[in-house]
Every structure is written in C-alpha cells, then in structure tokens.
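Going down the list, the sequences are from chains U and Y. Read in numbering that gives the first Met the number 0, the first sequence has 128 at position 129, and its numbers run on one by one without any break. Read in numbering that gives the first Met the number 0, the second sequence has 395 at position 396, and its numbers run on one by one without any break.
It is possible that some hints are incorrect.
Stated by the list, open to error - Here are the computed lysine-lysine pairs in the DSS-like style, where the Cα-Cα straight-line distance is at most 25 Å: (1) 57/U x 253/Y; (2) 50/U x 253/Y; (3) 454/Y x 2/Y; (4) 140/Y x 74/U; (5) 162/Y x 454/Y; (6) 135/Y x 74/U; (7) 43/Y x 12/U; (8) 102/Y x 335/Y; (9) 106/U x 43/Y; (10) 50/U x 135/U; (11) 253/Y x 224/Y.
Derived by calculation from the structure, the hints in this document are not laboratory data.
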Amino acid sequence: MKYKFLSHTADIKFQAFGNSLEEAFENSFEALKQVIVDKTKIKNKKTITIKVKGNDLKELLYNFLEETLFLLDAKDFIVGEIKNIKIDKDKFQLTGEVVVDMASDYKISNDVKAITYNDMEIVSPSKNGVSQTKYKNKFVIQVVLDV
Amino acid sequence: MYKETLKKISENIYELPMINGMLVPGKIFFSEKLLENLEEDALKQIANVARLTGILNASIGLSDMHVGYGFPIGGVAVFDIDRGVISPGGVGYDINCSVRLLKTNLTEKDIEKVGRRELIHSIFRTIPSGVGGKSKLRLTKEDLNEVLKDGAQWAVKNGYGNKVDYLHTEDNGKLPHANPLDVSERAKQRGMSQLGSLGAGNHFLEIQRVEEIFDERVANVFGLKKGMITIMIHCGSRGLGHQVASDYIQLMGKEYGWPEFDRELVNAPIKSELGKKYLSAMACAANFAFANKQMITHWIREDLKRYFEKIKIDVVYDVCHNIAKFENHLIDGDNKEVLIMRKGATRSFGPGRKEIPEDYLKTGQPVIIPGSMGTSSYVLVGTENAEKLSFGSTAHGAGRVESRTSARKSITADEIKTQLEKRGIEIEAGSYKGIVEEAPEVYKDIDEVVKVSDKTGIGKLVAKLVPLAVMKG
C-alpha cells in the first residue's frame with residue numbers, strides 16, 4: 000500500500016507509506032495528485048527539477064507538497080510522476096524531478112486550498128529498536144489538506 | 000471530555016469552563032438539537048484558542064461551529080492589542096472568504112420567460128470557475144499591486160460597477176494598511192490569473208427568490224420584498240490568499256516557534272514587525288477578494304442585460320467570513336480597541352456603529368448567511384445584543400457534519416441532481432464530484448443554525464431566500 004485516505008469532517012486526510020523517507024514523501028505526493036486529478040495519467044510534456052527547503056522535516060514536507068499547488072495556480076502546470084527524490088535530512092532540503100503537463104488539458108476534481116499542519120505526522124519505523132508505527136518497518140506520513 | 004464539562008448558562012448558550020491552561024472560558028451558541036452533533040475536536044479547538052496570549056473575555060463558538068485549522072470554523076476571539084497575538088489560524092487559508100447579496104428588479108415570472116437553465120448556463124459561461132479557473136483579464140504586476148491596495152474601489156475605478164457597490168461592502172470594499180510589499184512574489188504569481196474567477200470547493204453563485212419576510216421594516220430598508228429575485232456570490236481570495244496564509248504560518252513558526260498543542264495556532268505579537276506584516280498581507284488578500292466579487296457583479300450585470308433590457312442590480316451588502324480587524328468592544332465594562340479574529344463568522348453590528356453604511360445606520364447591518372447548495376439562505380440584521388454577547392458576531396453558514404469522503408460513498412451526483420431538479424432547482428457545475436461533496440445532507444440544518452442566532456438575539460431574522468438555480472465551481 001502506497002497511501003490511504005482517512006475520514007475527516009471538512010477536509011481530506013491521508014497517510015502515505017514508504018520503506019525510506021524519500022519513498023514516503025513520494026507516496027504523499029502521489030496521494031495529493033490523486034486528490035487533484037483522481038487517477039488520470041499525466042502525459043510527460045516536460046520534466047522540471049524542484050528544490051524545496053524547510054526549517055524542520057514537517058516544514059519540508061509542507062513546502063514540498065505546496066509546490067504542486069503553486070505550479071497549478073501560477074504556471075498552469077499539472078504534476079505527474081516524481082522521480083529521484085533526494086532529501087538532505089540535516090539541512091532539510093529536497094530535490095526531485097517532476098513530470099508536468101498543461102493543466103488546462105485535464106479535468107481537475109478538487110481545489111486543494113492548502114496543505115496544513117493539522118494532525119501532520121512523520122513517523123520513522125523504529126526508535127531504539129521499538130516500532131513507532133503499526134506498519135512494521137515503514138515510514139508513515141500523515142497530512143490533512145484544506146479543500 | 001470537553002463536551003461533558005459544558006455548562007448551560009442560558010437558553011442556547013453554554014460555557015466551557017477553564018481547564019488545561021485556558022486563560023478564558025469558552026462560550027458556545029448551540030441549541031440542544033445542534034449539540035447532538037457537536038464535535039469533541041471543535042470544542043478542543045475552542046479550548047486551544049483560549050490558551051493564546053492576550054485573549055480577552057471568552058473563546059466563542061457560533062451555532063455553525065465545526066472543526067477547522069487552529070480556530071474552529073465558526074470561532075471568534077478578541078485580543079488585547081498590547082499583549083495579544085495574531086494567528087493566521089484565526090483567519091483561515093481562504094482569507095476574506097465572503098458573501099455578497101445582489102437584489103434585482105426582476106420577479107420569478109421574468110426568469111421563467113427566459114428559463115432558469117438558460118440563465119444559469121449563460122452566467123456559467125461568462126464567469127470563470129473551477130480549479131485553475133482562469134480569469135479573462137491580463138493584469139500587470141503594477142495592476143495587481145493596485146488591486147491589493149484598493150480592493151473593490153480599484154475595480155470601480157476601472158469601470159467595474161459603481162460607488163454604491165463598495166459603499167455597501169464591509170469596510171467600503173477596501174481594508175486599510177494593505178502594503179503589497181508584504182505579499183510574497185509566490186502569492187502574487189498564484190493570484191495573477193485568478194482575479195475575476197469564482198473558484199471551486201464550497202464557492203458558488205446562486206439565483207434566488209425572496210421566499211419570506213420576517214421583519215417588514217428592516218427588509219424595506221435593505222430593499223428586499225417577497226417574490227423579488229436576488230443573486231448571491233460566495234467566493235474568496237483564491238490562491239493568493241492561501242499562499243499568504245502559508246507564507247506567514249512558516250515565518251511565524253520560524254520566528255516565534257510552534258505551539259505545542261497545535262501548530263496551526265502559530266502566532267506573533269500583534270505589535271511585532273511580523274504581526275504587522277501579516278495583518279498588512281492579510282488586508283491585501285482581503286482586498287483581492289473584494290475586487291473579485293466586484294468584477295463578478297459587473298459581469299453578471301452585463302450578462303443579464305442581454306436578456307432583460309431594463310434590469311437593475313444593486314448590492315444589498317457584502318460581508319466577510321474569514322478576517323481579522325481592529326474594532327472597539329466592551330471588555331469588562333470598558334470600551335476599548337481590540338483585535339478581533341472571525342473565522343467562519345459574520346460581523347453583526349447593530350444600529351449606530353460607525354463601521355456600517357449610512358443607509359443601514361438606523362437598522363443595523365445586513366448579515367448574510369448562505370445555506371448549503373440547494374437549501375435556503377437567510378438575511379439577518381446585526382444587533383446591539385451581539386455586541387454584548389459575541390463581540391458583534393454571528394454564524395456564517397450551515398457548517399459541515401459529514402466528511403467529503405463519506406458523502407461520496409453514500410450519495411451519487413445524479414441522485415442529488417434529480418432531487419434538486421424535482422424541487423425546481425437548476426444546477427450547473429464544473430465537476431460532479433463537487434456536487435456530491437457539497438450535498439445538502441453533509442451540512443448542518445441551516446434553519447436551526449439561524450434560529451439559534453435569532454433566539455439568542457445575536458442576529459435577528461429578516462428574510463429567507465430560496466434557490467432557483469445554482470452555479471458551482
């Protein structure tokens with residue numbers, strides 16, 4: 000399982016999983032993409048490199064996901080696959096390569112207003128040998144989107 | 000655990016006593032019926048707000064309250080200007096999400112001559128909507144800065160509408176102290192192509208009929224008559240406002256640290272450099288929203304003129320739902336200036352307040368409360384009682400009770416469309432999924448929400464409006 004959606008009264012909440020932090024970030028990106036365009040496949044018009052920074056890991060995740068909203072509103076780009084995510088865990092920096100296409104060619108199903116910190120969680124698989132999550136050996140990311 | 004501690008203090012008003020470091024009690028405007036669906040997490044948010052530095056008197060929850068980010072939706076709080084803080088979580092991501100009510104000289108007969116379907120379809124084609132709905136305008140950076148400074152007044156100056164339009168808008172459609180330099184390039188880039196578009200989500204435009212008048216005298220002053228056709232516009236500051244909120248949440252987190260109990264309540268002292276900058280950027284986003292509705296108003300006028308040569312469309316009023324402002328309120332017997340945050344709440348000022356338009360000085364301001372898609376909306380009038388009980392505030396809408404995901408499981412778009420059409424309501428929407436997520440069933444009963452406002456006297460009923468045709472983003 001890459002990600003799953005949880006119940007939330009007003010908005011959309013999801014959990015994304017990964018064997019590495021990078022994979023969990025990638026899957027949270029996939030979850031957000033599904034919210035925006037459902038399961039539509041995005042054609043590879045061009046590939047852009049994104050660079051994101053934060054002051055801590057949560058902020059990095061927030062800014063990483065927000066990039067999608069920025070590309071949509073400001074550049075009219077809809078995002079497709081993301082590859083080669085690299086995270087500098089000490090400096091809280093991320094780079095990745097994202098496939099984009101013109102948004103006007105797609106049917107967009109949800110207006111995501113913002114990523115939020117509400118109930119945001121980034122959990123590592125183990126700490127001192129004790130499993131932190133019920134998903135064994137997985138990184139788990141939890142995000143609520145304001146829609 | 001919070002719900003059990005609620006104490007009834009009078010009919011439809013409950014107190015949440017101070018626990019867990021709350022600096023003031025909570026005060027909830029709920030009926031017994033609404034109490035059944037009151038979420039524990041919304042009460043927790045009321046308690047969290049009550050822990051913010053410099054909060055005065057009470058952390059308020061109105062009858063449409065449900066879980067939000069930081070503040071609950073339907074939450075109001077006031078802060079001491081010298082000691083208090085400002086939090087983007089007290090305003091929301093959709094800064095100045097707001098509602099404008101237009102009245103026309105048309106009746107339902109006129110509408111039927113052309114057909115509801117034709118009219119709503121025509122408006123749907125004229126006004127851009129939906130996610131990524133792009134405006135017809137091409138603004139320069141300089142233009143956008145003017146919009147952020149002058150709001151609806153910029154739009155009127157540039158030929159979109161007339162002076163009375165903005166005189167009948169909260170703050171004359173222009174929040175002061177709005178410096179575009181405090182808005183990031185990123186936010187401006189997101190807003191650039193979105194001015195003059197409705198957006199998506201819960202935003203809508205509705206053709207309505209005045210169904211019932213509860214207060215003839217006040218309705219007369221507002222210019223509302225039974226049978227009259229009205230138009231309601233609900234939208235906000237789009238991507239620009241969302242980005243302003245995000246930007247300042249990050250900046251405040253960095254400068255002042257994240258509150259342990261809820262990151263979304265990150266804040267800065269009102270008088271700090273960063274606090275002032277946020278208020279200025281927020282004012283810019285609010286002005287963007289005011290200008291947005293002013294332009295949509297203008298296009299509706301142009302569009303309907305093609306069908307009705309002698310049509311007259313006037314703004315009744317335009318109210319903010321997500322905003323922070325400096326206002327004077329009675330605090331423990333003293334009239335003092337405070338910072339008020341209304342998150343999913345409507346200002347409800349009574350007669351004589353200097354902030355309200357001259358035309359409404361004797362009655363109190365119009366309070367516009369939209370229902371959910373396909374249900375009634377209401378016009379209320381602001382009261383002195385609201386100034387005493389809820390810092391001049393009342394509810395802003397129906398408030399959700401069911402999640403979008405569970406709505407999608409239990410109802411189909413076709414069912415809703417058929418239901419609405421059976422009642423004679425036409426609907427035009429960008430997405431079927433959007434229809435389902437905004438289904439009337441997932442909202443609280445709007446009739447009950449306004450009843451609590453009316454009974455507690457924090458906003459008195461004036462008129463009921465029913466939808467004839469709905470356009471959704």
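| request: Verify the proposed pairing of residue 140/Y with residue 74/U, using a straight-line Cα cut of 25 Å. | output: holds (15 Å)
| Is the straight-line distance between the alpha-carbon of residue 162/Y and that of residue 454/Y 25 Å or less? | Not OK: residue 162/Y and residue 454/Y at ~35 Å, beyond 25 Å, violated.
| query | Is it true that the CA of residue 102/Y sits at most 25 Å from the CA of residue 335/Y? | reply | violated (36 Å)
| query | Is the hinted pair residue 57/U and residue 253/Y satisfied, with a Cα-Cα distance of at most 25 Å? | reply | At roughly 12 Å apart (the allowed maximum being 25 Å), residue 253/Y and residue 57/U satisfy the hint.
| request: Measure nothing beyond the straight line between the CA atoms of residue 43/Y and residue 12/U; if it is 25 Å or shorter, mark the hint as holding. | output: holds (19 Å)
| field | Hint consistency between residue 454/Y and residue 2/Y [alpha-carbon to alpha-carbon, up to 25 Å] | value | Distance of about 22 Å is within 25 Å: holds.
| Does the alpha-carbon distance linking residue 50/U and residue 135/U stay inside the 25 Å limit? | Measuring from Cα to Cα gives roughly 30 Å; hence the hint is violated.
| task | Mind checking the alpha carbons of residue 106/U and residue 43/Y for me, to see if they're no more than 25 Å apart? | result | The given pair, whose Cα atoms are some 38 Å apart, is violated under the 25 Å limit.
| query | Hey, residue 50/U versus residue 253/Y, does the alpha-carbon distance stay inside 25 Å? | reply | holds (19 Å)
| field | Agreement of residue 135/Y and residue 74/U with the hint, judged by alpha carbon distance not exceeding 25 Å | value | holds (16 Å)
| query | Taking only the CA atoms, is the gap from residue 253/Y to residue 224/Y under or equal to 25 Å? | reply | Roughly 53 Å between the alpha carbons, so the hint for residue 253/Y and residue 224/Y is violated.
When the structure is compared with the earlier hints, violations turn up for hints 5, 8, 9, 10, 11 and for no others.
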